[in-house]
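There are 2 protein chains.
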Amino acid sequence: MPGPARRCSIANALAVIGERWSILAIREISFGNRRFDQIVRNTGASRDILTARLRTLVETGVLERRQYEQRPPRYEYVLTEAGQALQPVLLNLMEWGDRYITKGRPPTVWRHECGAELHPVTVCAECREPALPDQLTPIRIGKVS
Amino acid sequence: MPGPARRCSIANALAVIGERWSILAIREISFGNRRFDQIVRNTGASRDILTARLRTLVETGVLERRQYEQRPPRYEYVLTEAGQALQPVLLNLMEWGDRYITKGRPPTVWRHECGAELHPVTVCAECREPALPDQLTPIRIGKVS
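From first to last, the protein sequence lines are chains A and B.
Using the numbering used here, the letters of the first sequence map in sequence onto residues -6 to 138.
Using the numbering used here, the letters of the second sequence map in sequence onto residues -6 to 138.
Chain A with its partners taken away, still in its complex shape (with noise of 0.2 Å):
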């Protein structure tokens, strides 16, 4: 990586999932499409991309590769805890590609199990109120190493 840059999770996070393969493979297998095969025809990656990307999310903990068959030896990819836990941020790219980029009508919808259609509202966990930006202030601020 080139020069230091702010000390930051965001960064972090990016080194780990911050490539396009890499989230639409994350989007896949939460769909349950959890084979290489699935994987490619539903991204659009090339396969020698993809297998790089899929190494790299097992080796850091977002993905587990599993051997579902024998005979001959076959493997699916299935979400980790980390893994899991990527949800809220497809979520939130989700709402905002529908309400900013994608023209027409979003192609992908969810109903929340209280009936309603879903639009993700990102709150603080403590009062539950939205966490919009005017409303946080800084306790610290990762350093410019």
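Heads up, a few of these hints could be off.
Copies of the same chain look alike in the list, so a pair counts if it fits in one copy or across any two.
Simulated crosslink set (EDC-like; lysine to aspartate or glutamate; CA at most 20 Å straight-line) [said to hold, decoys possible]:
1) Lys96 to Glu74
2) Lys96 to Glu69
3) Lys136 to Glu119
4) Lys136 to Asp91
5) Lys136 to Glu110
6) Lys96 to Glu119
7) Lys136 to Asp30
8) Lys136 to Glu74
9) Lys96 to Glu52
Hints in this document: simulated from the structure, not taken from any laboratory.
Since the structure of chain A is already known, use the hints to place chain B on it.
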């Protein structure tokens, strides 16, 4: 982009902001560091790559480039409404990085206006209950074309 793929607002969003330096530039601008040299220094991006990323973000309506000095002409970058709406994505990425990737204490910590240290939770806008994967069912899923 290689081959067909699933119609998806996550993929569409990533076509605009799905690159490490784009997200880190948006982070810096949301911190109030709006000038090119500040963004270079605090992200660690190369000047060439950052120039290209900022141009894309302006063209796609995430940032606005504003002249703040006449002689010499100087510019700064501000978040548009679409750019501000990325805040939940950044907060959730930060929380995930804090929990699963960063070693040691979180570099950046926010206080919510309720007084608590912010831990973002993604909830359903309608009922304000968490939007976890096992509480969601698809109304529709984007097709693979």
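To see whether the hints hold, each was checked on the structure:
{"no.": "1", "hint": "Lys96 to Glu74", "result": "between (33 Å within a copy, 17 Å between copies)"}
{"no.": "2", "hint": "Lys96 to Glu69", "result": "neither (33 Å within a copy, 29 Å between copies)"}
{"no.": "3", "hint": "Lys136 to Glu119", "result": "neither (27 Å within a copy, 38 Å between copies)"}
{"no.": "4", "hint": "Lys136 to Asp91", "result": "between (34 Å within a copy, 15 Å between copies)"}
{"no.": "5", "hint": "Lys136 to Glu110", "result": "between (40 Å within a copy, 19 Å between copies)"}
{"no.": "6", "hint": "Lys96 to Glu119", "result": "neither (36 Å within a copy, 24 Å between copies)"}
{"no.": "7", "hint": "Lys136 to Asp30", "result": "between (43 Å within a copy, 17 Å between copies)"}
{"no.": "8", "hint": "Lys136 to Glu74", "result": "neither (29 Å within a copy, 27 Å between copies)"}
{"no.": "9", "hint": "Lys96 to Glu52", "result": "between (36 Å within a copy, 16 Å between copies)"}
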